Every structure is written in C-alpha cells, then in structure tokens.
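For reference, the chains in residue letters:
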Amino acid sequence: MILAAMTPPTEPASLSSPLEPGERIVATLELDLDEQLAFRPGRLVLTERRILGPDAAQSWPLSACAHLHHYDHAGIGTLELADNTARLALWRYTLGRNPAALRFEREFNRLKEGLASGSSAEAADAETGEGGSTAEPTTPPSTWTLLRLWRFARPYQGMLLAGFLLTLAATAATLVPPYLTMPLMDDVLIPYQNGTPVDWTKVSWLLGGLLGAALLAWGLGWARTYILALVSERIGADLRTTTYEHLLKLSLEYFGGKRTGDLLARIGSETDRINVFLSLHLLDFATDVLMIAMTAVILFSINPWLALATLLPLPIIAWLIHMVRDRLRTGFEQIDRVWAEVTSVLADTIPGIRVVKAFAQETREAQRFRDANRHNLEVNDRLNRVWSLFAPTVGLLTEIGVLVVWMFGIWLISKDSITVGVLTAFLAYITRFYVRLDSMSRIVSVTQKAAAGAKRIFDILDHVSSVPEPAHPVSLPAPQGGIEIRAVHFRHGNRAILRGIDLDIRPGEMVGLVGHSGSGKSTLVNLICRFYDVTGGAIRVEGVDLRSIAVADWRKHIGLVLQEPFLFFGTIAENIAYGKPDATRAEIVAAARAAHAHEFILRQPFGYDSLVGERGQSLSGGERQRISIARALLIDPKILILDEATSAVDTETEFEIQRALNNLIRGRTTIAIAHRLSTLRRADRLIVMERGRIVEIGNHDDLMAREGHYWRLYMAQSRQLDAPPPLGEELPEGAA
Amino acid sequence: MSAAFSLTRTPFGRLVFVGADGTAQEAVVPVRAFALTAPDEGIALLSAEGHELVWIERLADLPPAQRTLIEEELSRREFMPVIEHILAVDSYATPSTWQIETDRGATQLLLKSEDDIRRLNGPGALLIADGNGIHYLIRDRRQLDPLSQKILKRFL
Ligand SMILES: Nc1ncnc2c1ncn2[C@@H]1O[C@H](COP(=O)(O)OP(=O)(O)OP(=O)(O)O)[C@@H](O)[C@H]1O
Ligand SMILES: [Mg+2]
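Line by line, the protein sequences are chains A and B. The first sequence begins at 0 in numbering that gives the first Met the number 0 and counts up by one. The second sequence begins at 0 in numbering that gives the first Met the number 0 and counts up by one.
Just to be clear, a hint being listed does not mean it is correct.
Simulated restraints on C-beta separations [stated by the list, open to error]:
id: 1; chain 1: B; residue 1: 68; chain 2: A; residue 2: 696; range: 56 to 62 Å
id: 2; chain 1: A; residue 1: 263; chain 2: B; residue 2: 71; range: 29 to 35 Å
id: 3; chain 1: B; residue 1: 144; chain 2: A; residue 2: 222; range: 35 to 41 Å
id: 4; chain 1: A; residue 1: 363; chain 2: B; residue 2: 145; range: 48 to 54 Å
id: 5; chain 1: A; residue 1: 675; chain 2: B; residue 2: 132; range: 47 to 53 Å
id: 6; chain 1: A; residue 1: 583; chain 2: B; residue 2: 26; range: 44 to 50 Å
id: 7; chain 1: B; residue 1: 123; chain 2: A; residue 2: 381; range: 30 to 36 Å
id: 8; chain 1: B; residue 1: 79; chain 2: A; residue 2: 237; range: 40 to 46 Å
id: 9; chain 1: B; residue 1: 145; chain 2: A; residue 2: 392; range: 52 to 58 Å
No wet-lab data here; the hints were simulated from the structure. Computed from a prediction, not measured in an experiment: that's the story for all the values here. Ideal Cβ placement from N, Cα and C applies to all residues, glycine included.
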C-alpha cells in the first residue's frame, strides 16, 4: 500500500509514542480526521504487542482488546476498538484511507488469532483499485464546441464546398439590382426631369437586368438551400445515431445516474436543434456576412466617404452583440436544463402511471409538472428581459444609420461630389443591409443554443464507459462455466456494498444466493455480468480477468433473468427471441415450453404473434417472468443467472418451472437468487450473504445443522408458513 | 410429436380427442401458435381447461379427415376479415369510422387511434384492430386501389 510504503516501519522517531525495544510495526493507518470529524492528521500504529493511538500517551495492549471493527457511512470510515465489555477507542478517516484501514483491521485480526505472519502483500494488492471515484470533468460550454461538429461534417466536404460557392454566387446576384438603380436614376429619371425624353432601349436593358438578376438569385438560392439542407439533415442523422450507439455502450452506472427524460431530450430535440441551426441559421448568417462584405466593397468603390458613414453603426452593433452574448449563453443553458426537467417529469410519471393512480397522486404529479413549467417560465422571463431589449436597439440603430446616410448624402450632393443616383443606390443597399443586421443579431442566441446543445451531446460522446472494452481483448472460445471471485469489493459512490467476497463457482454447479434484502445479491450478479466493474479484487473465468475479455463476448455466454422482467414492445415471439433474433419457431416454442410459458401464450389471441405492450402491460407479473426465462434459455447459455426469476409465480407453477429447469440446468452453471428458500432446494451450495459479505456456505442440511444465519432465515419462513402469528402478538415488540 | 390420436365430432358439434393413452377429452380447441406469421405451422389442441394435448408441427402432415376437422373448427373460431377496399372515412383524425369492403362483405370499422394499425412482417401487410375488438387484415396495402391507398396513407 502506498501509505504504508511512505512510512518506513523502522523509524520510531516519527511516532508519537516511542516503541519499546524489539517491537515491530505491523501496520499503520494515516488518519485525516479526529473524533469530532475535523480534519486533523494523526497516525494509528499496530505492532505485535499493542495499538498506538494518535495521541502521545495512548496505547492499548493487544491482550486487552477484543475486537477491531470497521464500518463506513457517507464517505467516512470508522475503526472501533473494543474489549469484551466496552468500547475503548474510535478513529475516523475519509474513505481514501479505506484500503489501509482494511489492511489494518485484517492485520489486527491475524495477530489476535495468533497467525501473525508478515505476508499480507497478496491480499493488499487485490484492493489497490478500491476507492477510486471518477469525477466528470466540467468545462464551460463555448461556441467552439460547435467546431467539434466538423467530425460529422467531414464526410460531406464536397457538398459543403458546392453549397458555399452557390451561396457566394447567389449573394452576388442579389447585389446587382441596387447597383442598377444608379444608372436608372442618373441616366434616365433625372435627365427626364430636366427635359430629356426617356431612352426606352436603355430602360428596357436596365429593367431586363433587374429581372435577370432576380431570376438568377432565385435559382441559385434554391440550389444552395437545397444542397445545404440535404447536408445538414445528414449530419444531424449521423450525430443522432452516433450518440445513440455510444449511449448504448455506456455502463449501467451512467444510466443509473441520468434521467430518462434528459437523455431523450438530448438525443431527440438537441440534435434536431443543431440540425436547424446548421441548415438555417448558420447558412443565413454566412450569406449575411458575405453580403455585408460584398456590399462594403461595392459601396467603397462608389464613394468611400459615404461608405464610411454607412458602415459606422456596424462596430457599435458588434459591441452590443458581444455585451449581450455572455448573459444569453448562461440563460440558454439554464433553459435547456429546465426543459429537460419538464420532460423528466413526463418520463418519470408515464411509466409509473399505475403507482401514481394507485396512490391517487394525480394532483401532485400535475403540480410537479406545473412547477417545472413555472420554473421554465421564470428562467425564460429573466432571459427575455435582456433579449427583448436587444432587437429594438438594433432597430433603432438601423434608423439612425439611415438618417446619417441621408444627412451625409444630401450634404455631398449639395457639394456636387455625388449624384442623386449614387445616394439612391446607397439607400437601397443600406436598407437591405440593415434588415440583415437585425436578423444577424439573432445568430448570437441561436449559436449559443446550438452550442449548448452540442455540449450536451458531446457530454455523452465524451463519456467513457466505466466498463471499458479492453484494448487487447482475450478471446474466450468456450468457457466451462467456472467463475472465480477473489476478494471482490464494490462500492457505489462512497457506499461500500460488497466487502471482500471470495467464492469459487465450479462448472455446472448450481449455487443459490440467499440473504436479507439489500445484502448485495443482485450486486454480485451484476458484477459477474460485468454491468459494473469491481472496485477491488477480481472476477476470473478460465483464469482470465473479466476486465480483459470483450464485454459482448462474455455476455453471450450468460442467460439472465432479472428481478424486474422487462418486455419490449413487440410480439411475444420477438421478445423470446431477443437474444437470438434468427431463432427458428421451433426453438422459440421449445424455450417457451421449458419456461412453462407455452400454454398461456397459446391462450393469447394471436398466440406467439400477440403484441405485448411497452412494459408488457397486458401480461401478469408471473407471465412476464416466464417469458423472460424463455428469453434466457433460448440463447443456450453456459451460465444461467436467475435473480428472483420465479418470485411472481405461484408455488405450483414455480415447481413446474423448476422441474423443467432441472433438465436445462444440467451442463450449465446456475446462479439463483431467491427469497423463497424452497426455490433453492436443488442448489449444490447455498451462499448466505449478509451486508456485503459471505457469512455461510454449504448445502441445506449442513447449514441447518449449523443453526446460523441460514437456519434463522429458514426457521422464520417455515414458522410463517406453519403458524402465522396473529398481528396483535407482533405489535408490542415493534412498539417497544 | 406424432399424430397418434383420433379426433371426432360429436352430434353437438364438439371435437372429441382421444390420445395415445385412450382417454377421451371433449370440447378440445385448436389454436394457431403463430396466427399471423405462420398460420399453418405449429397448431396446438388445447383441452377445455387450456392444457396442451397435442402439438401439430404442420397441418399438411395430418391425415385428411383430421385436417378438415381442425380447419373447420379453426375457421369457425377465427374471424379476421380481409379489407379489399376502403370506400370512405368520416374524418382523418381518430376516432374515425371507415366504410370498407371486406372478403366477407361491406361493413364499417371504427379506428380509435392510429396505434391500432399494426404492421405485420409481410411486405405491406397490416392488421387493424377495430374499436369493437375485431381485427381486420390488409394483405398488402400496395395492392389496394388508389383511393384506398390514399386514405390509408393519411393514417400511417
Ligand atoms: N445503483 C446503486 N447506487 C447506490 N446503491 C445501490 C445501487 N444499487 C444497489 N445499491 C445498494 O446496494 C445494496 C445491495 O443491493 P442489491 O440490489 O445487491 O441487494 P439484494 O441483495 O439483491 O436485495 P434484494 O433481495 O432486495 O433484491 C442495497 O443496500 C442497495 O441500496
Ligand atoms: Mg436483488
């Protein structure tokens, strides 16, 4: 252990209480909290003779101590020392020190048992992985996130380039008409007012030019919009499928921490928003920028001074945009979150509608939705206050800009430095120009929205599965079904759920896992399926660590029936064949027969072709369980895991399923979890778990003879069956 | 499973099944396991209590007499009209009443929601659940007349 290595055992000078001559340190524990839970360093030392506490004078001879007990809660670990009558001392530490504490405890127990031997390296090694919690790094979303979308745009480079060139041409075409107003004014209308007759050929040429330019702009604009919409739609679709594919590969831990509504919103509406942004807003913006640049060039080529006056408000608007930018960005992110909250309420309630109705909580759920909506409104209102000021200000500046052009233009005309035609052309340009500025200012908000959406999508894409695929997977051609579980620890966040499980499951063996609810049975099974990775220790098959086998490669050997059977929307046959879509009808029927589902399926209106609802609403709990057993059996797995697989069927049906299973269990390893102990009577070995540990192993008769945990569980059940105690009798006990 | 059983019809019209062990079961019911995807494969005879008496892999493998009996019984129990024309609908929003012509005559069906139209595995095959629980079949919607197709498209 790192901590132990940092403190050389042969350095008594640094200890608070000096060692006696010949005393050897067995283990140390660096404490970082004191008894009042304030951060204060201290050190606990275990020697062959005594425990030395963090305070100078305190030490307890081993002969006087009976137990060293370790437990943790909410991220804080505690070691408790007691003799046979009372607690002697108590030490606290944060969970980063947990491995050292476990080692300390183990060494203590070893000394107490008189087995003092120095070699604890192996056990300690197994735990080095423990306590590692990974924090998700948070980076503020910036517009640069959008650039990462390039990865999805690259396949469409050619089309994008074509779109850009078309945009260039279309924009140029739209700039022709105002230019033509200049000769129209100067060479036709003004001379006419001064007495020259109208030159009709010239007029028809000019008007023809106007029409031609308009038609050209129309055609080019259509081609451009079509091509770019095509591309952006494809980018959006790629983004969506890539995100979904990645999401499916993430571990259960990720899904456990996320709300369905939020994920639905991300993959559904966020990708769509990015899509709209690319096809509509970004395109418009690019057109606008091009137009402004081209207009500026034209204006300067006509008259630099007037051009300068025209373009003057531009930097002011740019500055204004920049000012509002930051506020809007945080605002839009907030709106996204609130929006996810609104959908989350729906995604929570609709699947749980039975519970809602059963407890008559419709009004509460409606209130929850209303609250989420009100929150949405509040956030929007706050944002709109800034936002609503923005557009009118741009409008005002536009008007002022036009005013400036009029003033300066009239002055220049009076000085004879420009013609009326030039001023008309300028005014024609500038109105188009400022109209665009107004819509350009909208790019700020949509870019922010799209960037926020992109960030939320890349959050998913950047998330590395906590059950990583090995870089060089070991292939596992045909496992025999044996599983070695070595010193396995597992924690969720800072809560220890499994604490040191050691178990060898032999090929073809049936083991039953029993224990109180919450003792970690399902968790152990989840680790074997590698839904999560162990935080300490290892699980091996055929001598290979599970973590070095490709996940799918391993799971195809496992048939799993879950505590909560889930049926997909589809026919019964499709549900049974879920793990093996190319199964023949005969195979499906055989699996259903084995799971005792065949007869009730035949009673459905279309037999195996009957639809089952999203959550299998139309089937009973036991029927759903039997379909999921059939699903597990169909893939003919080497390892069969039944987590309360028959809890929802009556005893007689369970008996029948078991009889059927007996044939199927042969040749495969079976791990069965059941609260109803009679379910496990066929098990070769029963594993009794208690608060994350294995407390007893043996077959039914052994365990009964031992009169331990299993015996108590069994007696409690059989007593209940034989003579249910009257309710009144229980009450005083509970009340006391 | 072999077809080592006998099947007869009582004067009351019930089917009587005598299995290999010689016990007779009255009022047995044939059911199709894959009623939609493979109607002629996998037919089970259920006892009146709903237990499986015999499993018939393929109807064609049975002796003709038994086969006719089973087919008669099946057709009596199965009612799945095939829609040939959709003549009119009263609204394109559900619930909507359709005037249809089926292989069993003209009728009307009430579509409660678009969800009641179920796509089957065959190309273009649809199963429409009527508001009264009757299922109507469309064998291939691409083979319908243009008007029917146009109406149908609005609901898909
Ligand atoms: N995702 C999770 N996050 C935090 N704690 C969890 C999580 N999953 C399970 N736990 C906790 O781990 C402990 C063991 O849970 P587990 O599901 O393994 O119990 P179990 O033995 O299967 O119980 P039961 O018999 O009720 O199914 C429980 O105390 C539970 O609260
Ligand atoms: Mg469980």
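Tested hints:
A hinted range of 56 to 62 Å holds for the C-beta pair residue 68 of chain B and residue 696 of chain A, which are about 59 Å apart. Look at residue 263 of chain A against residue 71 of chain B: about 51 Å separates their beta carbons, and that is not inside 29 to 35 Å. In this structure the supplied range 35 to 41 Å holds for residue 144 of chain B paired with residue 222 of chain A, their Cβ-Cβ distance being about 38 Å. Our hint of 48 to 54 Å for residue 363 of chain A and residue 145 of chain B holds, since their Cβ atoms are close to 52 Å apart.
For residue 675 of chain A paired with residue 132 of chain B, a C-beta distance near 38 Å fails the hint of 47 to 53 Å. Between residue 583 of chain A and residue 26 of chain B the beta carbons are some 32 Å apart, a value that contradicts the proposed interval 44 to 50 Å. Against the hinted window of 30 to 36 Å, the Cβ-Cβ separation of residue 123 of chain B and residue 381 of chain A comes to about 53 Å, which falls outside the hint. Taking the beta carbon of each, residue 79 of chain B and residue 237 of chain A are about 42 Å apart, inside 40 to 46 Å as hinted.
One distance hint, 52 to 58 Å for the beta-carbon pair residue 145 of chain B and residue 392 of chain A, holds here, with the actual separation near 57 Å.
In terms of the numbered hints stated before, the structure departs from hints 2, 5, 6, 7, listed from lowest to highest.
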